[in-house]
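Student: Heads up: the protein sequence lines correspond to chains A and B, in order.
Position 353, counted from 1, in the first sequence is what numbering that gives the first Met the number 0 calls 352; the numbers after and before it change by one each time, with no gaps.
Position 309, counted from 1, in the second sequence is what numbering that gives the first Met the number 0 calls 308; the numbers after and before it change by one each time, with no gaps.
Hints listed in this document are in silico derivations from the structure and should not be mistaken for laboratory results.
Check before you lean on any hint, since a few could be wrong.
Copies of one chain are not kept apart here, so a pair can be met inside one copy or by any two copies together.
Simulated pairs of lysine-lysine, DSS-like, Cα-Cα distance not exceeding 30 Å [unchecked claim]:
id: 1; residue 1: K201; residue 2: K382
id: 2; residue 1: K3; residue 2: K279
id: 3; residue 1: K213; residue 2: K382
id: 4; residue 1: K201; residue 2: K322
id: 5; residue 1: K96; residue 2: K322
id: 6; residue 1: K179; residue 2: K382
id: 7; residue 1: K5; residue 2: K381
id: 8; residue 1: K179; residue 2: K236
id: 9; residue 1: K3; residue 2: K96
id: 10; residue 1: K190; residue 2: K279
id: 11; residue 1: K138; residue 2: K102
id: 12; residue 1: K173; residue 2: K279
id: 13; residue 1: K173; residue 2: K236
id: 14; residue 1: K322; residue 2: K102
id: 15; residue 1: K381; residue 2: K3
id: 16; residue 1: K5; residue 2: K339
id: 17; residue 1: K138; residue 2: K179
Protein chains: 2
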Amino acid sequence: MLEKIKGVNLGGWLVLEKWMTPELFEGTQAEDEYYLAHDLEKEAYQARILNHRSEFITEADFIRIASAGLNLIRIPIPYFAFGDRPPFIGCLPYLDKAFNWAKAYDIKILLDLHTVPGSQNGFDNGGISGVCRWGQDPKEVDFALSVLTRLAQRYRDHEALWGIQLINEPITEKMWGTMKPLERYPARDPKLAAGSGPLSMKFLQSFYLEAYTKLREILLPETVIAFHDAFELHAWKDCFLDHAFENVMLDTHQYLMFAEMEGTEQNLEAYLNYLEALGKEIAEVAAYIPVFVGEWSLFNSYAVGVDTQGGINPTQQTFDSNKQFSAEELVEVYQILWKKSVETWNIGEGHMFWTYKLNIDTINDPSWYGWDSWDLSRCLSKKWIS
Amino acid sequence: MLEKIKGVNLGGWLVLEKWMTPELFEGTQAEDEYYLAHDLEKEAYQARILNHRSEFITEADFIRIASAGLNLIRIPIPYFAFGDRPPFIGCLPYLDKAFNWAKAYDIKILLDLHTVPGSQNGFDNGGISGVCRWGQDPKEVDFALSVLTRLAQRYRDHEALWGIQLINEPITEKMWGTMKPLERYPARDPKLAAGSGPLSMKFLQSFYLEAYTKLREILLPETVIAFHDAFELHAWKDCFLDHAFENVMLDTHQYLMFAEMEGTEQNLEAYLNYLEALGKEIAEVAAYIPVFVGEWSLFNSYAVGVDTQGGINPTQQTFDSNKQFSAEELVEVYQILWKKSVETWNIGEGHMFWTYKLNIDTINDPSWYGWDSWDLSRCLSKKWIS
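Required output: the full structure, derived from the provided sequences and hints.
Tutor: Spelled out as structure tokens, the structure:
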């Protein structure tokens with residue numbers, strides 16, 4: 000058991016998002032991983048993906064993460080991890096290596112099923128933009144369960160396995176209304192998107208229950224099974240009180256861009272007040288279920304110097320030129336936010352930064368100014384965090 | 000003018016060496032960059048190379064290098080940088096980006112022409128193993144001069160340009176006998192290798208003189224022109240006294256593996272004695288020409304725990320299992336060597352570590368144990384250097 004989780008996500012490695020590794024999408028019309036695989040010729044796709052997986056994260060990154068005092072890595076996993084969903088390419092060899100690096104450098108791993116066929120949220124990071132139909136297809140729901148059980152079987156006895164997360168950011172009515180994924184991430188093929196809509200809480204709880212039951216049988220008792228809260232932190236009390244789950248934790252993702260979308264003013268004081276209030280909410284939930292913040296970052300519109308409208312990024316929209324802070328001012332702003340955030344997340348079980356690394360270029364493409372606060376490796380070098 | 004150079008090489012980025020990025024060579028028989036380009040289909044080659052260049056070094060690396068207090072980056076450049084030597088792919092867009100990153104993060108750049116057609120040394124890092132014929136072909140000597148002048152014209156006014164190095168590690172009789180490149184890096188095609196042999200000092204001095212004259216006309220007066228010593232630190236006195244060179248420096252590469260090949264015992268005391276003696280030699284040369292150590296590393300057989308026979312690596316030979324030190328012992332050994340080395344190099348103008356980054360995996364392929372001491376990014380994380 001970890002004391003407090005001090006973790007980081009390996010976003011953009013085995014699950015791709017265009018804004019995180021734009022160079023992988025160069026020369027294609029693809030806005031997401033689905034179309035990257037379908038638009039490129041097989042050999043070119045294979046060369047890009049395999050080279051990316053070999054280079055984006057290496058042993059040296061695990062060494063650096065350990066040396067920064069982090070104790071957990073959350074790894075987003077695609078549904079095609081086992082290589083049984085062509086044209087996508089399986090990624091087990093990379094995952095196996097990661098487990099061995101984690102063990103060698105005394106870091107734990109949370110496996111996070113980040114995508115499912117047909118998508119659970121319609122976000123680009125669900126694998127296919129503007130499509131959200133997974134829950135409507137019982138065969139694909141079963142497929143997701145089979146991926147989870149196969150992951151559990153493969154890694155159950157590995158010393159580095161800390162937990163498995165059943166599914167990342169499934170979306171229900173509430174977030175469907177706030178994020179409007181079909182507008183924010185327009186579908187390329189209306190036929191594939193037809194009938195997309197949010198998951199029901201009832202479906203999601205039933206999926207969690209079934210997946211929990213299957214995994215609890217396979218995993219060691221001390222291995223955590225994590226439920227994402229579907230952006231509804233307070234919706235789970237009855238579920239947890241009604242079921243005698245063993246070693247389950249609730250994962251909640253907390254971004255300042257959500258606060259901004261809900262009307263929080265774009266300044267430091269407002270962010271700190273928001274975090275203060277959020278701490279009370281976390282404490283309330285922590286009274287009946289261990290809760291961790293599986294994704295968060297320093298990113299906010301105030302430091303970017305322009306209203307990002309809830310984290311829209313330069314691959315999606317051109318922004319007016321922003322007000323730039325000095326290097327010293329940025330250190331001050333981000334350090335204040337880092338401290339307050341970590342203090343807040345530690346009211347629960349701890350936190351995992353999104354993300355370790357981004358291949359954006361704020362110098363040769365200055366429209367990325369400010370988005371570097373998503374990148375822990377830069378935050379470390381720039382002394383924005385400690 | 001920099002006070003003391005505290006630099007690092009971006010090896011394995013624009014010039015490839017198989018041992019530094021083995022994943023790029025996977026599935027091929029290529030032992031060097033020449034055959035990688037010739038063995039792969041055009042599209043696969045292009046995908047690998049472009050993805051590698053985009054991912055291996057990014058803005059984040061320049062940020063980290065600056066945050067570690069380094070002030071100079073030496074960038075090995077291939078002769079095909081301008082894209083006029085198919086099937087090789089030019090690399091100017093990446094170099095342009097690097098210059099802008101360097102400027103943004105207050106780092107200077109030394110451009111180092113690392114390969115020439117037909118090779119100047121027969122090493123894998125000369126571009127084609129076991130071939131050393133460049134100096135015999137006046138057309139290719141002229142081509143090298145044209146690459147140098149074009150580089151000078153392109154970057155002369157860029158604030159980040161510190162210097163240009165005329166050619167990396169040209170090899171004369173002395174090193175030809177010690178390193179035996181034709182044995183150490185066997186040629187794949189005897190026809191291409193036929194007639195390979197060391198350069199003469201006379202040829203090299205005449206090449207340097209011609210290149211110097213051309214570049215001095217183009218470059219700003221404060222921009223350094225660097226001559227590699229061809230592994231003969233003391234051979235240049237007359238040359239420098241005979242010519243009124245302006246702003247020229249001598250680059251000498253100093254590796255403990257050379258000391259081992261010359262018979263230095265493989266233990267810490269012997270290395271320290273070797274460095275002490277080397278410091279006196281550097282002082283002697285520094286009396287008539289500014290001298291810097293453009294390549295060095297912490298790598299040594301003692302810390303690897305096996306006789307590496309002058310730095311042979313696991314892509315070339317299988318070694319007996321080595322004696323492994325504890326993490327604490329390694330910190331101690333490497334810190335002692337780091338301090339003594341830097342102190343020695345600073346008798347001259349300073350130093351540039353080889354290299355910033357390696358894609359080796361010491362956990363999943365333990366035969367690489369010890370070769371991680373070539374990797375500055377790991378040395379920083381592991382606190383082997385300070």
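Student: Next, verify each hint and record whether it holds.
Tutor: Each hint tested on the structure:
Neither within a single protomer nor between protomers do K201 and K382 lie at most 30 Å apart by alpha-carbon distance, with minima of 44 Å and 52 Å respectively. Taking the closest pair of Cα atoms, K3 and K279 come within 30 Å of each other only inside a single copy of the chain (18 Å); across copies the shortest separation is 53 Å, beyond that limit. Taking CA atoms no more than 30 Å apart as the test, K213 paired with K382 passes in neither setting, with 43 Å inside one copy and 44 Å between copies. With identical chains, the CA atoms of K201 and K322 are never at most 30 Å apart, being 45 Å at best within one copy and 59 Å at best between copies.
Taking the shortest Cα distances, K96 and K322 sit within 30 Å of each other only across copies (24 Å), while inside one copy they are farther apart (43 Å). In this assembly of identical chains, the alpha carbons of K179 and K382 never lie at most 30 Å apart, being 35 Å within a copy and 47 Å across copies at closest. Taking the shortest Cα distances, K5 and K381 sit within 30 Å of each other both inside one copy (19 Å) and across copies (19 Å). Proximity of K179 to K236 under the C-alpha cut-off of 30 Å is restricted to the intra-copy arrangement: shortest distance 26 Å within a copy versus 73 Å between copies.
Proximity of K3 to K96 under the C-alpha cut-off of 30 Å is restricted to the intra-copy arrangement: shortest distance 25 Å within a copy versus 40 Å between copies. With identical chains, the CA atoms of K190 and K279 are never at most 30 Å apart, being 44 Å at best within one copy and 76 Å at best between copies. Neither within a single protomer nor between protomers do K138 and K102 lie at most 30 Å apart by alpha-carbon distance, with minima of 35 Å and 55 Å respectively. With identical chains, the CA atoms of K173 and K279 are at most 30 Å apart within one copy only, with a shortest distance of 21 Å there and 74 Å across copies.
In this assembly of identical chains, K173 and K236 lie within 30 Å of each other by CA distance solely inside one copy; the values are 17 Å within and 78 Å between copies. Taking CA atoms no more than 30 Å apart as the test, K322 paired with K102 passes between copies only; the shortest distance there is 21 Å, against 44 Å inside one copy. For the identical chains of this complex, K381 and K3 are neighbours both inside a copy (24 Å) and across copies (23 Å), given an alpha-carbon limit of 30 Å. In this homomeric assembly, K5 and K339 come within 30 Å of each other (Cα to Cα) only inside a single copy, at 14 Å, whereas the closest approach across copies is 37 Å.
In this assembly of identical chains, K138 and K179 lie within 30 Å of each other by CA distance solely inside one copy; the values are 26 Å within and 63 Å between copies.
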